[in-house]
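Asks: Each chain, written out:
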Amino acid sequence: MPNFGLVRQNAVVSATPKSTIRDSLSISITVGAYGIAFGAASVAAGFSILQTCLLSLLTFSGASQFALVGVMGSGGSALSGIATAALLGFRNGLYGLRMSPLLKPSGLKRFLAAHITIDESTGVALSQEDLGEDAMRSGFWFTGLGVFLFWNLFTFAGALGAQSMGNPAAWGLDAAVPAAFLGLVWPRLTSLSDRILSVSAMFLALALTPFVPVGLPIIATAFLALAIGLRRP
Amino acid sequence: MTMMWWGVIGTSTAAFGLKYLGHAIPHRYLEHPAIQKTNMLIPISLLSALVAVQTFAEKSRLVLDHRAVGLAVAAISLKFRAPFPVVVILAALSSALVYHFS
Chain V
492 MPNFGLVRQN AVVSATPKST IRDSLSISIT VGAYGIAFGA ASVAAGFSIL QTCLLSLLTF
552 SGASQFALVG VMGSGGSALS GIATAALLGF RNGLYGLRMS PLLKPSGLKR FLAAHITIDE
612 STGVALSQED LGEDAMRSGF WFTGLGVFLF WNLFTFAGAL GAQSMGNPAA WGLDAAVPAA
672 FLGLVWPRLT SLSDRILSVS AMFLALALTP FVPVGLPIIA TAFLALAIGL RRP
Chain U
111 MTMMWWGVIG TSTAAFGLKY LGHAIPHRYL EHPAIQKTNM LIPISLLSAL VAVQTFAEKS
171 RLVLDHRAVG LAVAAISLKF RAPFPVVVIL AALSSALVYH FS
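Protein chains in written order, with our numbering: chain V, 492 to 724; chain U, 111 to 212.
A few of these clues could be false.
[What the hints assert, rightly or not] Stretches of chain V that chain U covers, calculated by requiring three or more beta carbons in the stretch to come under 8 Å of a beta carbon on chain U:
| hint | region |
| --- | --- |
| 1 | 575 to 587 |
| 2 | 646 to 655 |
[Claimed, not checked] Sample of chain V residues with no beta-carbon within 10 Å of chain U, all distances over it, derived:
| hint | residue |
| --- | --- |
| 3 | Leu516 |
| 4 | Arg601 |
| 5 | Leu622 |
| 6 | Asn643 |
| 7 | Arg679 |
| 8 | Asp685 |
For the record, the hints were derived by calculation from the structure and aren't laboratory data. Computed from a prediction, not measured in an experiment: that's the story for all the values here. Idealized CB from N, CA, C, for every residue including glycine.
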C-alpha cells in the first residue's frame, strides 16, 4: 500500500538500471496488493464502491485512506476523518521537498510527480543513489506509477469482494481494520521512545473516547508527537 | 451530498495539496530537524490511537469484544514477521471465529 514504509527493506541497490526497474516492479505488485485490504475495509465502513475507488485514485496514500474510513466508519465526522488523514499525509509533502530538485518536473508533469510522491516512490529513488540521478528518477517514476496501477486495481477487487460479504463482523472485517493499522505502525517502532509514544497514544485515545466526539481522541494524540518532536534536544 | 462524499473529497484534496506543496515551495523550507522529527512521530501516535480506538471502542463506549482477539493475533503474527496480508487475514479469521462462537 502507498506509504507503508516497507521500501527500505525491499529495495536492493544494484548494479544496473535494469535492476532499478525490477525493484520498482516487485514493490509495485507487493505493495499494490494491499489495496485489497483497503477496498474491503472501506466498503465495510459504509463507503460505496465508487467512493472507495475514488479514494484510491485521488487520495493515493494508504495510511490516510485507512484513517478516513476508520474514523468515519466508527461514526466520526467527516471533518475529524479528513483532519486525521491530512496529518498522516503531511510527510508526503516533505518527500516532495526532497524529490523535486531531483525530478525538476514542470507543468502537468509536476502534478503527476506530486500525486505519486509516497513512501515507496521516494524510498526506491533514494535507494538508487549509488547508481546516479537517472536511476533515481527511473526508480521514482516506475515505482510511483506501478504502485498507483496495482493499488487501484486491488482496491476495486477488495471493494467488490467485501460488498458480496454482508455483515462485516461475521467476516472479521471489523478486526481487519485495527490489524491493518497495527501493521502500518509496527515497522515504525524502531526505538524504545517510539514504543512508549505508541502505547501512550493508545491509552490517551481510549481515555478520551467516552468524553469527546468520535475521531477527536485520535487527533488529540498528535499533540503527544508534537510535544516530543518539538522539544529541545 | 452525504457525509461520506465530503470525506472523499476533503481527504483527496488535502492529500494532493500536501504532496503538491512539497514540490512547489522553496527548498530547505521545513527542513528544520524538529519538524523532520515530529514528522516521523505523528504517524506513530495517530496510527497507534487508531489501533486502540478501532479495537476497544464502539462509538463513544469502551468495549472488549471479538476484535480484541483479532488484534492480539495480529500482534503475534507481526512479532513473527508475518507479511501484511497474512497479518490482516489471520486477525479477521480469529475475530470472525470468536464472533460466531460467543
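Asks: Next step is simple, just say for each hint if it's right about the structure.
Replies: Here's how the hints hold up against the structure:
Remark: the region 575 to 587 of chain V is confirmed as covered by chain U, as 13 of its residues place a Cβ nearer than 8 Å to a Cβ of that chain, reaching the required three. Coverage of the region 646 to 655 of chain V by chain U is violated [criterion: at least 3 residues with CB-CB distance below 8 Å; count 0]. The claim that Leu516 of chain V lies off the interface holds: its Cβ sits roughly 18 Å from the closest Cβ of chain U, which is beyond the 10 Å cut-off. Taking the minimum C-beta to C-beta distance to chain U, about 6 Å, the non-interface status of Arg601 of chain V is violated against the 10 Å cut.
Annotated as non-interface, Leu622 of chain V keeps its C-beta farther than 10 Å from every C-beta of chain U; the closest such distance is 23 Å. At the 10 Å boundary, the C-beta of Asn643 of chain V stays outside the reach of chain U, the nearest C-beta of that chain being 13 Å off. Under the 10 Å C-beta cut-off, the non-interface status given to Arg679 of chain V relative to chain U is violated; the minimum distance is some 5 Å. For Asp685 of chain V, the condition that its CB be more than 10 Å from all CB atoms of chain U is violated, with the nearest at approximately 6 Å.
Going through the hint list in order, the structure does not satisfy hints 2, 4, 7, 8.
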